[in-house]
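My request is simple: use the sequences and hints to build the entire structure.
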Amino acid sequence: MPSAVRTIGILGAGRVGTALARQALKAGYEVLIASTRPQAESALIVELLAPGARQVGTEAAARDSDIVVLALPLGKYRSLRPETLAGKIVIDAMNYWPPIDGILPEFDRGSSSSEVVRRFLPQARLVRTLNHIGYHELEEQGRPPGHPERQALALAGDDADARQAVAGFIDRLGYDPVDAGELAAGQKFNAGTPIFGAQLRHDEMVSLLQRDSLQAKAAE
Amino acid sequence: MELGIYSFGDVQRDPKTGQLGSTAEATRNLFEAIKLADEVGLDYFGIGEHHTREMPASAAPVILAAAAAVTKNIRLGSAVTVLSTDDPVRIFQQFATLSALSNGRAEITAGRGSSTESFPLFGYSLNDYDELYAEKLDLLLAINEATDTVTWSGKHRSALDNALIVPRPDAGSLPIWLGTGGNPQSSVRAALLGLPISYAIIGGQAARFAPLADLYRRAAAQAQVPGATIKVSVASPGFIGEDSAAAKALWYGHWHEIMTTVGKIRGFAAPDRQHFEHEASAGGALFVGSPEEIAERIVALHHRLGHTRQFFQMDLGQLPQKHFLRAIELLGTRVKPLVDAQLATDQNKETADA
Chain F
0 MPSAVRTIGI LGAGRVGTAL ARQALKAGYE VLIASTRPQA ESALIVELLA
50 PGARQVGTEA AARDSDIVVL ALPLGKYRSL RPETLAGKIV IDAMNYWPPI
100 DGILPEFDRG SSSSEVVRRF LPQARLVRTL NHIGYHELEE QGRPPGHPER
150 QALALAGDDA DARQAVAGFI DRLGYDPVDA GELAAGQKFN AGTPIFGAQL
200 RHDEMVSLLQ RDSLQAKAAE
Chain L
0 MELGIYSFGD VQRDPKTGQL GSTAEATRNL FEAIKLADEV GLDYFGIGEH
50 HTREMPASAA PVILAAAAAV TKNIRLGSAV TVLSTDDPVR IFQQFATLSA
100 LSNGRAEITA GRGSSTESFP LFGYSLNDYD ELYAEKLDLL LAINEATDTV
150 TWSGKHRSAL DNALIVPRPD AGSLPIWLGT GGNPQSSVRA ALLGLPISYA
200 IIGGQAARFA PLADLYRRAA AQAQVPGATI KVSVASPGFI GEDSAAAKAL
250 WYGHWHEIMT TVGKIRGFAA PDRQHFEHEA SAGGALFVGS PEEIAERIVA
300 LHHRLGHTRQ FFQMDLGQLP QKHFLRAIEL LGTRVKPLVD AQLATDQNKE
350 TADA
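Line order of the protein sequences matches chains F and L. For the record, in the first sequence the residue sitting at position 90 is 89 according to numbering that gives the first Met the number 0, with numbers rising by one throughout. For the record, in the second sequence the residue sitting at position 35 is 34 according to numbering that gives the first Met the number 0, with numbers rising by one throughout.
A couple of the hints might just be wrong.
[What the hints assert, rightly or not] One-sided excerpt, in silico: chain L residues whose CB lies under 8 Å from chain F: (1) T115; (2) E144; (3) G203; (4) A218.
Hint data in this document are derived by calculation from the structure and do not stem from the laboratory. Quick caveat, the model's predicted, so the values are computed rather than measured. All C-beta atoms, glycine included, are put in the ideal place defined by N, C-alpha and C.
Below you can see the structure in the form of structure tokens.
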């Protein structure tokens, strides 16, 4: 049984990072936010957009939290320091989105961007999730367990304990976690899939994830 | 409170054949809409640069200059100019010309633009997205603030050495707004540059922008930029009809059409009717309904955001021109007086309470 998750460290104080911070605070977590912007600017952003969160440096956000969330633009993932994330449970909420970001050759080979990120962070216990829901929807559509309108969020990662810890976090944010299995399955909720941006209940999410697996098997 | 319209120059669709109308017709329709907006007393009309078959408003200053000749009071601007893929010298010259022809009614809203089709069109790479925007904004502001000639250098265009850039607006400079979709850093950037900010609120709950407006004002108060213009405007999708349910039913089809098109390009599923109804009710980002309902919602948002201008994108997803014109008329003749009266009442109450 993994130890209880109390503190969430968020890397990035943009739209996604601040929205996630608010939702995590609402769910009762302690929240640390790190940003690469100038200190005065970050402090003001955190104070006004995520009141209750603590603004810290990247290393402290990683060291002092139970789950770290990557909420930076994908193109900046190489600014991360792999050693600070070694052994940590890390949520990759980033997306490769060519219509917006342009073609980035290293991500343009099928699979999901999380697999490229994993090669850069080989010792992190990486889980891909929170990438297929819009940042303002994340804040507005969370519902308590059992609520008829509760939506599902998919997650994928190679470390089963990390997946379980992240599932608990997703649940407290107000969503039904659906475990899609290993990190490779994360491509099933890339941009352009039926899951991306869709509002799905638990059963719909399960069947969409399974349908993809069946199609992949049939294609083999 | 200033009220207005923005448009990307939506084309028509023939209801019998399903064929799209011509892009030339869309251009003339846009001109007609601006003229009407002025006649019914609206304060602002913005054209958002787009380069698609459905939304062909690629040359905003040209349409606005034609409109300047047949309008009296309405302010004419871009919403937005895709700054990253244009030449700031040319943008300034065109809007300064518009300013001269309209007796100072021209404005620029500079932004990154939500669509990216202008990048390949003008030979730019999306990989330079952030850098292009920062550099071109820097040059545009340098030109706008210049009292004489401009000397500037950067990476993405040739340097300027004591360059004369004319015409100059009568007021000395053009109003330039920073357009943003809600990235916190953009609010800080506008504050540090002393620019007015224009929020595009196109989904979710509109009041989620209230903390961003606070951030903008707090950052501006700390920065104390000399000559700063600190004010907030809001751009959002909207449509007005006499009857709320009928307006929502009519407009949903067109909104769904555009969301489906954009969704295909960007890889997300188009939101359904339930989602629409939620966002088109009190608090949501879609200002669709009767004049009374929309007036009430503008005032409610004003009390959260303190914005001094709100303008609406009505013609999307091939909305028939007659409905667009009718909604413009209702915004000017019905919504605007209601908003003005309510804000005056609220103001008096605040004064009495104080």
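Tell me, in ascending order, the numbers of any earlier hints that this structure violates.
Number 2 only.
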